[in-house]
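Residue numbers (this note's numbering), protein chains in the order written: chain A, 2 to 371; chain B, 2 to 371; chain C, 2 to 371; chain D, 2 to 371.
Bear in mind the hints are in silico, worked out from the structure with no lab data behind them.
Fair warning: this is a prediction, and the values are worked out from it, not measured in the lab.
Be careful, since some hints might not be right.
The list treats identical chains as one, so a pair stands whether inside a single copy or across any two.
Claimed, not checked - Cut-off 20 Å, straight-line C-alpha distance, at most; resulting in silico cross-link-like pairs (EDC-like, lysine to aspartate or glutamate):
no.: 1; residue 1: Lys282; residue 2: Glu296
no.: 2; residue 1: Lys242; residue 2: Glu310
no.: 3; residue 1: Lys333; residue 2: Asp287
no.: 4; residue 1: Lys242; residue 2: Asp344
no.: 5; residue 1: Lys305; residue 2: Asp283
no.: 6; residue 1: Lys81; residue 2: Asp300
no.: 7; residue 1: Lys324; residue 2: Glu298
no.: 8; residue 1: Lys249; residue 2: Glu296
no.: 9; residue 1: Lys242; residue 2: Asp287
no.: 10; residue 1: Lys112; residue 2: Glu298
Here is what each chain is made of, one letter per residue.
There are 4 protein chains.
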Amino acid sequence: MSKRLVLPALTAFVSATAGRNMTTAAYVAVATGVAMMTLLTVQPAYDTAPHWINALLSACLAYFVFEWVVRLRHMRRQGKLWFYALSSAGVVDAIGALAVPLALLSGLDPKTAWLLGVLWVLKVVPGIPGLRQLRRVLVVESGPLLSVLVIFLMVVFLASVAEYFLERDVQPQTFGSVPAALWWAVVTLTTTGYGDVVPITPLGRVVAAMVMISGLGVFGLWTGILATGFAAETRRDNFLKTWETVSKVPFFAHLGPAAIADVTQVLRTMDLPPRTMIIRKDTNGDCMYFVAAGEVEVDLPGRKVKLGEGAFFGEMALLGNAKRGASVSTSKVTRLLVLDLVDFRLLMARHPDLAETIDAEAKRRERENQ
Amino acid sequence: MSKRLVLPALTAFVSATAGRNMTTAAYVAVATGVAMMTLLTVQPAYDTAPHWINALLSACLAYFVFEWVVRLRHMRRQGKLWFYALSSAGVVDAIGALAVPLALLSGLDPKTAWLLGVLWVLKVVPGIPGLRQLRRVLVVESGPLLSVLVIFLMVVFLASVAEYFLERDVQPQTFGSVPAALWWAVVTLTTTGYGDVVPITPLGRVVAAMVMISGLGVFGLWTGILATGFAAETRRDNFLKTWETVSKVPFFAHLGPAAIADVTQVLRTMDLPPRTMIIRKDTNGDCMYFVAAGEVEVDLPGRKVKLGEGAFFGEMALLGNAKRGASVSTSKVTRLLVLDLVDFRLLMARHPDLAETIDAEAKRRERENQ
Amino acid sequence: MSKRLVLPALTAFVSATAGRNMTTAAYVAVATGVAMMTLLTVQPAYDTAPHWINALLSACLAYFVFEWVVRLRHMRRQGKLWFYALSSAGVVDAIGALAVPLALLSGLDPKTAWLLGVLWVLKVVPGIPGLRQLRRVLVVESGPLLSVLVIFLMVVFLASVAEYFLERDVQPQTFGSVPAALWWAVVTLTTTGYGDVVPITPLGRVVAAMVMISGLGVFGLWTGILATGFAAETRRDNFLKTWETVSKVPFFAHLGPAAIADVTQVLRTMDLPPRTMIIRKDTNGDCMYFVAAGEVEVDLPGRKVKLGEGAFFGEMALLGNAKRGASVSTSKVTRLLVLDLVDFRLLMARHPDLAETIDAEAKRRERENQ
Amino acid sequence: MSKRLVLPALTAFVSATAGRNMTTAAYVAVATGVAMMTLLTVQPAYDTAPHWINALLSACLAYFVFEWVVRLRHMRRQGKLWFYALSSAGVVDAIGALAVPLALLSGLDPKTAWLLGVLWVLKVVPGIPGLRQLRRVLVVESGPLLSVLVIFLMVVFLASVAEYFLERDVQPQTFGSVPAALWWAVVTLTTTGYGDVVPITPLGRVVAAMVMISGLGVFGLWTGILATGFAAETRRDNFLKTWETVSKVPFFAHLGPAAIADVTQVLRTMDLPPRTMIIRKDTNGDCMYFVAAGEVEVDLPGRKVKLGEGAFFGEMALLGNAKRGASVSTSKVTRLLVLDLVDFRLLMARHPDLAETIDAEAKRRERENQ
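Chain A extracted, bound-state conformation:
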């Protein structure tokens, strides 16, 4: 293949994916790059195949440089050059493309320069599924989290000065200065406990014991704050994802806004690839499904029935018959809304008309299947 053919193809490919966070190719490049960077530092491994390792590292770097250049060009055409270049994705792309070359050019030892290849892992960040959720929790709870951090640092400082005072004469080697005692305090308060610096005087041990117990407390506070934040965020995130889908399901279309809000709170969204088994015949079921997008295939005896957008299935499980009567699997990329037995019952208690609709449809199907 001549360069004249490969380059345009690659450019087209990268352009097409400029809007998406990560392509499979980029994941492979990141994994290969970081693995090779790691092997570079293992003397025996590097001595075995130095050329391969160097070649792969260069290939990865070339890919990232290329990707960055193509994205920049693509974005400039759309008039969003600076929007991209200054966005977090743009900065990460720039670092991935420029860090190693700049280090090599500045005369650094190649083995050291390639270590910067570890920054390529940052390219994975935007692709992390629940990241937005995590970030929101950290932002909303930043106040209390910061308080705990300040308390943590205060305990560290007070404890290390106390310990320095108590241990410096007995262990001048390890507790010879406040920074050394600070190292001990962090290692202890996080309950890491390397054991390289350990108090040996009775009073020093009493202080250390109090630091350890405070460590449990800091842990607990931290976790408690995050748990609280997550509970709120999970409820919120699920509502957002489900709301849009609910309105597209004809079954819920006639409901009033109050009922829709109720329904949205209890439904769970589920995205499935094609040919995935949803229900396995003869297993116990405790939820029903609505097809929000895509298509599923019901494997009835002798024939296969396709259900498209807006259809529902598995409702028998909620109407008293726990054993699944037929296997169901997806035939396309499908988005389902899942309604649990528990929520179904609570919902029915408040909206009896919903129950009647599901009941009528279930009876109609049963007649049809016989």
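Place chains B, C and D on chain A using the hints.
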């Protein structure tokens, strides 16, 4: 006993229990097998009684092979051979039966081959009580949990390269390659802190301190996610278990669906073996009980009254008299529904008719007892 | 003092307190006993004052024996001898009284026999404030907690056999048997990480890393379960404590059951010793108080006003005036019900009549004070 | 500058800030003081620039003494001398001003005396943002937290006596007394695990394993309690902050108390400095904002529109158009109320009139902008 008698009896026993997850016999076999496998590796213990250990190991293996074969035959008769063989229970049974023999046949050292006996502990999995609940939490929260794992790995990679760069010249022995630094990073970020690899340069310690504090954060996030998932799952699980039982209790039969949903949310299911003390006379009580299945015995002065399905007792505790008037214990395997004082009061505020029924029945009993 | 005077006095004192869990005397005896038992094992400390230590230990033991005998006699008179003797408190008292004497009689070295004095700390158990709450959480959540424990043990077993297999040839000293590897696994999975047994082969370290990350997961599950249980229990416990008190406050007497249930859910009970400052003048306030039992003293300019059972104060903070106008302190042992600003507002939105009553009373007081 | 000019200026400055918790100057002084105190103990660093370090330390101390004196004078003039002197802030100020001088006067080695400078970090405490919230959680949950602490101590005592008994003969050096075993127990139960004291007998290791698993339990309980407390406190704190602001926004003025309580529960307060970007054009939005105080600037094509107190913006995101149409940034110190999409929908379901108002205003703006 001749083989002609033992084998059919065993076959019948295993067949009868093919549907259940674990028999007591299987638990004993697993415990014995794993214990013997452990002793096999302790030189002094093995030297004392090599024949006993070998014999017991073989017996356990024989039991598992036998159990697997019988189950396969039993399932084939029911036309569910492949359903069983490919289910997780079937795969675990197959591993338990085949792993050690295959290892022995492949010419492995017997002492090493028997180590595979540890896989027998997997047979305990389906019998774990809250497992289904645990699995659902992990599935529902898989998104955020995965995010935290990715963040964990990213911190590990970035920190280990930084630490390798900072420490490699001072400690070529322990920080001589990125994989070695990765080991340090995992040990530190999980706050395990063996102390076999410890940074000693000032900058290396600052990086390490940041890793430890991140470790607390990762811990906190992880726990927060799981706590949130559990809160939802516990509510759900209890509702499911209770719902079916509530409808069987005549006391609640006349309630509308909204009230039943309310009641179901506050009742707790309790399964008890026979001859278990439920209420001890003269202790303080703060809940009443409904008998959903089985039978209980009230130990009144001079006589014993049996209460069967649908009856309730302990209601005095909710009507102002905290001291239990009589001991109550189960006489069969019994399923109870427990109604706490708190929930009783909240319930009564919304459904005053329930209170009247309980009150009337309590008065009737008091008259009767005098 | 002759023995004839002391003994009856002591007997009367212990009898009087037989119903209560712990007297101050018992706390002192436990603290002294355990401290002396500890000193007994410190050679230099014991050599300094062996007679004092022995004498104090004997005195503590004598107290516990005496207390147990008096309680037994007291209970027998009330016809509850066996109820007490078999209750947990009775068993703990018996252990405290008999363990050391029996050990001494059985010919054990006195220094070893006195170690059993540590069992005296068990006498503190019934006096722990939130214990009942803790126990209920553990009982209600026992299912999932047990599951996590089983999973923990399974990971420990599988990991230790894998590690034994991978490390036994390289480190026969520390990984020479499965029990030794089990020790490593527990130390690692709990993230304790002593560092006395550490894998050094690459594959062994990969297994260890997975064990550590599982450790975080086990931690997280455990905590998540307990957090969920606690949330429910705290709400419940507060409701129980508050309910009884609410009905005694005339202010709430005219409310219907639904409103009372609402009020009970938002009030918090607070028990205070005499002469405790509740409100400090000129500080910011965000709650009001109801006197459920006891008496408080309002420090108005020039005179002191006493408020008894059923009165309320601090209501200005909820009606727009955040600065406290007067100091208030208890004059007897007092039980207060605290109503937070947040809950007050939510409550008023649903029960506007409550707001009017508080408003009217506040205006009346203002007129009175001018 | 002569002293005659500097002193009055400084006095005025400190007086003006006497009411506030911390000035930037004080933060700088604390940071400098603690850093110098730390450097004082590092021999090489101190040898490089002893005069600078001493001078800076003295300057910091002088600042704190001066600040304390000025505050005392300021408070005496307001007649609140004792209120301030005995308040926690006053005590911390006094310690910061007097601890080091008193230590120096009492003849302590200067290097040791200056260590007390670490107490200056206490001055940061009142400025910690979420501290009040943290303290309330600790107070409200003090009962269960104390129980866990008592259980922690009981396990520590029982385990250390058991371990002392099991290990004293094998390791007289490390397990030679109960206090030594207590040190081991605390290090183990907090899962710190230094590894300086490790049991080696089989039974000792079994006890240690149980202690470690209990450690997980203690952790879990602790965290669970704190998480529960935090969930309640966060909801409460947000309500308090938001309530006052909501009533000032004309948009909500006509709502009834029930609706206001509903709205308050879902709004989040956000305080922003001037010139902060709130909305970035072309990003996805999922919340709208109300200006509670301050002013924001909408960057429309060709002109800038200022929105003052009571205005709202970003409402398009809630009415179906997710892409933000214009950038918005603050022009003054601004307090915003944030309404999330999720909460908006839930709110609209219950208060349809709110939706209409927002809808009408949005349409009016659209017309205007065209």
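Results for each hint:
no., hint, result
1, Lys282 <-> Glu296, "within (19 Å within a copy, 36 Å between copies)"
2, Lys242 <-> Glu310, "within (17 Å within a copy, 33 Å between copies)"
3, Lys333 <-> Asp287, "neither (24 Å within a copy, 30 Å between copies)"
4, Lys242 <-> Asp344, "both (18 Å within a copy, 14 Å between copies)"
5, Lys305 <-> Asp283, "within (17 Å within a copy, 45 Å between copies)"
6, Lys81 <-> Asp300, "between (49 Å within a copy, 18 Å between copies)"
7, Lys324 <-> Glu298, "within (18 Å within a copy, 36 Å between copies)"
8, Lys249 <-> Glu296, "within (14 Å within a copy, 39 Å between copies)"
9, Lys242 <-> Asp287, "between (22 Å within a copy, 12 Å between copies)"
10, Lys112 <-> Glu298, "neither (55 Å within a copy, 51 Å between copies)"
When the structure is compared with the earlier hints, violations turn up for hints 3 and 10 and for no others.
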